[in-house]
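J.: Build out the structure end to end from the sequences listed, making use of the hints.
The chain contents come next:
Protein chains: 2
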Amino acid sequence: MDKEFATLDRWWRAANYLSVGQIYLMGNPLLRESLQEEHVKPRLLGHWGTTPGLNFLYAHLNRQIMARQQEMVFITGPGHGGPGLVASAYLEGTYSEVYPDISLDERGMRRLFTQFSFPGGIPSHVAPETPGSIHEGGELGYALSHAYGAAFDNPDLVVAAVVGDGEAETGPLATSWHGTKFVDPRRDGAVLPILHLNGYKIANPTVLARIDEDELTALMRGYGHTPYVVAGSDPGQMHADFAGTLAQALDDIADIQGEARASSGAVPRRPWPMIVLRSPKGWTGPKEVDGQRVEDYWRSHQVPFANARSDKKHRKVLEEWLRSYDPDSLFDKAGAPAEDIAALHPEGELRMSATAHANGGLLLKPLRMPDFREYAVTVDEPGTGAVESTRVMGGFLRDVMADNMHNFRLFSPDENSSNRLGDVMEVTPRTWNARIEEYDDHLAPDGRIMEILSEHTCQGWLEGYLLTGRHGLFSCYEAFIHLVDSMFNQHAKWLETTRRIEWRRPVASLNYLLTSHVWRQDHNGFSHQDPGFIDHVINKKANVVRVYLPPDANTLLSVTDHCLRSRHYVNVIVAGKQPALQYLSMEDAIIHCTKGIGIWDWASNDVDEGPDVVIGCAGDVPTMESLAAVELLREHLPDIRIRFVNVVDLMRLQPESEHPHGLSDADFDALFTKDRPVIFAYHGYPWLIHRLTYRRTNHDNIHVRGYKEEGTTTTPFDMTVLNHMDRYNLAMDVIDRVPRLAATSGVAREHFKNELIRHKQYVRTYGEDLPEIQNWQWSAVSGPKVVTEDAERNAPEA
Amino acid sequence: MDKEFATLDRWWRAANYLSVGQIYLMGNPLLRESLQEEHVKPRLLGHWGTTPGLNFLYAHLNRQIMARQQEMVFITGPGHGGPGLVASAYLEGTYSEVYPDISLDERGMRRLFTQFSFPGGIPSHVAPETPGSIHEGGELGYALSHAYGAAFDNPDLVVAAVVGDGEAETGPLATSWHGTKFVDPRRDGAVLPILHLNGYKIANPTVLARIDEDELTALMRGYGHTPYVVAGSDPGQMHADFAGTLAQALDDIADIQGEARASSGAVPRRPWPMIVLRSPKGWTGPKEVDGQRVEDYWRSHQVPFANARSDKKHRKVLEEWLRSYDPDSLFDKAGAPAEDIAALHPEGELRMSATAHANGGLLLKPLRMPDFREYAVTVDEPGTGAVESTRVMGGFLRDVMADNMHNFRLFSPDENSSNRLGDVMEVTPRTWNARIEEYDDHLAPDGRIMEILSEHTCQGWLEGYLLTGRHGLFSCYEAFIHLVDSMFNQHAKWLETTRRIEWRRPVASLNYLLTSHVWRQDHNGFSHQDPGFIDHVINKKANVVRVYLPPDANTLLSVTDHCLRSRHYVNVIVAGKQPALQYLSMEDAIIHCTKGIGIWDWASNDVDEGPDVVIGCAGDVPTMESLAAVELLREHLPDIRIRFVNVVDLMRLQPESEHPHGLSDADFDALFTKDRPVIFAYHGYPWLIHRLTYRRTNHDNIHVRGYKEEGTTTTPFDMTVLNHMDRYNLAMDVIDRVPRLAATSGVAREHFKNELIRHKQYVRTYGEDLPEIQNWQWSAVSGPKVVTEDAERNAPEA
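Line by line, the protein sequences give chains A and B.
The first sequence begins at 1 in the working numbering and counts up one residue at a time.
The second sequence begins at 1 in the working numbering and counts up one residue at a time.
Keep in mind that the hints were calculated from the coordinates and are not lab data.
Certain hints may be false.
It does not matter which identical chain is meant; a pair holds if it fits inside one copy or across any two.
As the list claims (entries may be wrong) - The calculated lysine to aspartate or glutamate pairs, modelled on EDC-like cross-linking and capped at a C-alpha distance of 16 Å, are:
#1 313 x 339
#2 312 x 37
#3 541 x 710
#4 595 x 667
#5 541 x 658
#6 708 x 535
#7 708 x 496
#8 287 x 319
Keep in mind that this is a model prediction, so the values were computed, not measured.
T.: Rendered as structure tokens:
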């Protein structure tokens, strides 16, 4: 082996030794005695296959970091290779810094080994517990989108993103290569993808490892890259080859960035370097066990042989394997890494295991926030007007953007304008580094509105951006946010876990604006109708998820301000983009959003004797239909007493024991009574409201209307009729549940039924809703004008 | 224009005319008078941009179908172009055949126009209502995976799959190009991808339209294709160019298949042809409106101008646009297509709008089913043994496969062996058309186990395979099935809608085996723990979804047999792959699965006086822990009376009004009583059980334990402890809810608590569960031996 790489190779062998030790050992960590049964863990868990390659890459990246003093972040696509990243962080000293118990000596090494995949210890993957990680890698597909997210607005950073060849088969990964068209060599850092072809997944070869080299390199060139291939298994040759290639790739990056940064005008997009590393799966592990191929085969994917504790022959294989790294030469008497190894890493935060970029909360700067009150819509009378709420939000976001030009981005799958956030383009174009035609509008390499028709990529970019300490918002059609259900799961789990890790700092919340929602799919229909993301979200831990349904523009402004200031949550905001009624002045909106739920006095008339019925609602369309139902009822049944409750913060409905935002039972009872019927119009699937409220006193009287999977391309009002959430059905629901009115309500009920028939005939003839439905606005109706304070109103009943 | 294409061009213009008519008109369909306000729809909904290109492709494919008598299916990736596919089906006569009201005359044309995107009419997309479609296209990403699914085992079929350049940015689409490595030129049909670059999405240019031609063609070569590019906008030139290219592509396909089919040995994989069609978005539409660029720009995406009803100037643009196609020359006096146009389509089922492949139920042959009873596991005593249930299922599936070699496939993201279905490899290898090394096992181009590390691709292939009339099963890690949440949504909506379309025939059910489930992620941990797919599934219509949780191998066999025989459902089967206790003999398993829910007498002792408590469970791990809790309780509190209820068919818990499988209230009360505490151990998120049962009499007494998002890499039993679903917590839950025992149960409760402490100490020391936990099996315990019939047992209480 070339002398130049001798120490690097020793580091690599030490990392490999420490990796195997983590998977197998719980005693005798330095092999100071021969390996006995009790030294081997009873349950062998973890993944060896990808690990030696990761250790190899880490060592070589360190060499370049030291040579160039280059800030880098390491993204471990093959997150199963947890032992490798833990080993490298340990060798760099970072591990002992954040976990002092895992010291750089024999005792620490024993603990390092034992804790891995062990009850009360650490997970088997590159997890939140792993210093230097922003990427779990348990669910595959997001290495490159996370990497780009980290690189945006970090001009001095190079993100080395290892993509496993299994991961490379996933859809999200396959499209995320196109990040090359969205990264700006001037203002952003660079991503260096390293496609690690070790040939196998769990039990199969991988596609990219088994196509011809010219197909593979064509594919990479097609993605906008210059591919460099390093292939082999001989360590000496591989060190030399890879070192040269990596230096070349980093030179390329410096050259591309240098050219762009030296120029004042537009610079043509150039292919970015990427590296293909072909190395054997389970490299340096046993070649065969029990006569079966292991190294360079799928059998080395997990634990290459399972009976090392009880089976002497297997234990011998393990001991020989471990001794092949020559641990006595790698660690000193105390068990610390030998001096040359211990010295072979960058200093301080240049260590990839210690970079603040991988603990973004350390770098997080609060947004400079304009005063959202200044964007308020004037509401003279509640239930009037026709405002596109998200367009108002767009004005606010424009100024958030203007004040935070290197700290905030918007992400959307080609829906930013469709979702009415177009005003942001007044201060920044869309990001675009592919060809621009002279008739294009609002496109530029340094734009800050990120649009690619891939929800996965948007989500991955945003996660990477947030986890490295910045802020953002993802606007999406409601139905298709389900595309990232699983990514949301992983991010929520990351947030949940990092809350419990002392050295991790909170990051900005991941904010979703879900619009173009289920009730207003006028152009599309059934395929675009699904409000179930909320159901999905609230399966995750209550301490990381929040759901808001602001009914109008001013409440949306207030909620948006709150979400952008919040930390370490996933905030889901659902709000329509179509012209809609406005209800609350900014002052009232702030009060309402602060409480999250409340009685709307102007729509209620239940002061003296308590209500006959509570009408509850959450969401913009349900709020409108509920109000219209109130008006119908008060017009046709003048002595009915209705209390009107609107919910902005959905989690208020849950018991306080279940969610930090949950109302106490007393407060809930004060709003919804203990015994009166509640008719609740909800934006999404109705059973969610039951799920949230089933422990409440009055639950048996809660009757919920919502989306019940009836839909097609039709009019807005017809959609509510199809799902029985329209004003007439709500009014009839009330009539059916208020016995006091039974004697007098028959005529009204018949009238409401007939109105529905009239509606159906009209839409099927004219293709639009009845003019009085289209133009409906809330108007003062008979009944007492209510001016009580909420406090008085909320007093629990006897 | 070359004479050869004159009639084809007339067809194209007719299709374009009919498309614009659908978007805009509700009267005056043939423009026999000048266009008036009342002729234009009040709400203009739909998408023009992609439509003329689709019409162009359809016409040219028809030309080749006629010339070659080639069976073809058309997959419309840009499903927004609904008007185009409806227009083509109308010109082919198919539309009037399936919808006689939409006749080939003026009246029919008026109805054709009016119904589009109209209340009571048809959706704006290529929808289930569209003859010839198996692909909605509302949610983008699946055109190619659906196309491959259709092509598998259809050797005479060519599937023309149009991929929009917006869709091409999605992850699922980006990886689905790799279908080239999974299609067998001998036994399968071919997919001809047509990448339709019209340059824009909703409001942005597209990535693939704006990279250099050599990058684009490199990308396609990298995916395993020979790309042919046709670009332009002059119709005459485009007809000539595209016709030649299409003929070449089909010749290539014939050549590849011919070579493979003529050879008896292996044939090297060759690149398959694909076509890039660059044509303007909104081709043939208005070039500018109100001074703004429309044709060849994003503004033509939807309705190019919106005020055609009320604005005279816009109406004039519309009229000129419509007349530019010269409708008088295209349709006869009665409004039927002119003779030459009417004659220009293939006959009968060769029409792509009439092919049986796009109405798969017509072709569906039931599976030849081996007798699942023959695979039964012997169960001498309930609650004993150690069987990998899915491995038993694998034996059954092996023989299903052997008996249905051209009608059944298995799909998995590299988990078929991991999920213990490896026995199927005894009769067929994995599908693999990339390079095979001599040490590879069970790989071949004509293998029938489809494995790619892309849940999206597996799901898309399976959907395409089912919708064209075949059978299959998708086995997946439970947590990662969330990757296809949104695809499931679309498929469930497809099934739901097609149930209501008379001419559609039922297809085989989409069967999921979810294994490697939340409770047994020994190797992975938190990222792999999510049982929420069930929650997601049951948001869809009850008439298309089924969920089964068989607790052991024999119930799994029975459920699998049932699911494979069923039609037009999505069946979700959740079952573990780890060695586990067995409970029911095959005879008992059949009875239990047929009922879907039932009392297990051998675990109950509540005969005479009714139970103190009902212990319910669903799922294999919850069943084991519940039984262990019963044993603990009967050992420590000998006079406790417990009824044990196991649930296989989760939908039995719902009211019969909510789901066809729902138990009547009387039956539910008979099982769970009206007033006794119920402790329910559930496989997934506990609130789901509340959601299913909140209307039941005894709901307030139901206490559910399940996964509450606590997890890491730890032991199997520790996972249940972390989530309070272990035997000791369940036993304590019982004690806390049975007041009759209060006086005597304190000691037992303390003991259970101490056992949990002992467990925790042990796992943290030894890394594995206590031996008595690891080896626990159910044993006869004190208490009366129960032999009553269920009928007697189920009598409702007074």
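J.: Each of the hints needs a verdict: does it hold here or not?
T.: Right, here's what the structure says about each hint:
1. Proximity of residue 313 to residue 339 under the C-alpha cut-off of 16 Å is found in neither arrangement, the shortest distances being 35 Å within a copy and 83 Å between copies.
2. With identical chains, the CA atoms of residue 312 and residue 37 are at most 16 Å apart within one copy only, with a shortest distance of 8 Å there and 90 Å across copies.
3. In this homomeric assembly, residue 541 and residue 710 come within 16 Å of each other (Cα to Cα) only across copies, at 9 Å, whereas the closest approach inside a single copy is 30 Å.
4. Taking identical chains as interchangeable, the C-alpha atoms of residue 595 and residue 667 lie at most 16 Å apart only when both belong to the same chain, with a minimum of 11 Å there against 43 Å between chains.
5. Proximity of residue 541 to residue 658 under the C-alpha cut-off of 16 Å is restricted to the intra-copy arrangement: shortest distance 9 Å within a copy versus 28 Å between copies.
6. Taking CA atoms no more than 16 Å apart as the test, residue 708 paired with residue 535 passes in both settings, with 14 Å inside one copy and 15 Å between copies.
7. Taking identical chains as interchangeable, the C-alpha atoms of residue 708 and residue 496 lie at most 16 Å apart only when they sit on different chains, with a minimum of 13 Å there against 32 Å within one chain.
8. With identical chains, the CA atoms of residue 287 and residue 319 are at most 16 Å apart within one copy only, with a shortest distance of 14 Å there and 76 Å across copies.
Hint compliance for this structure: hint 1 alone is broken.
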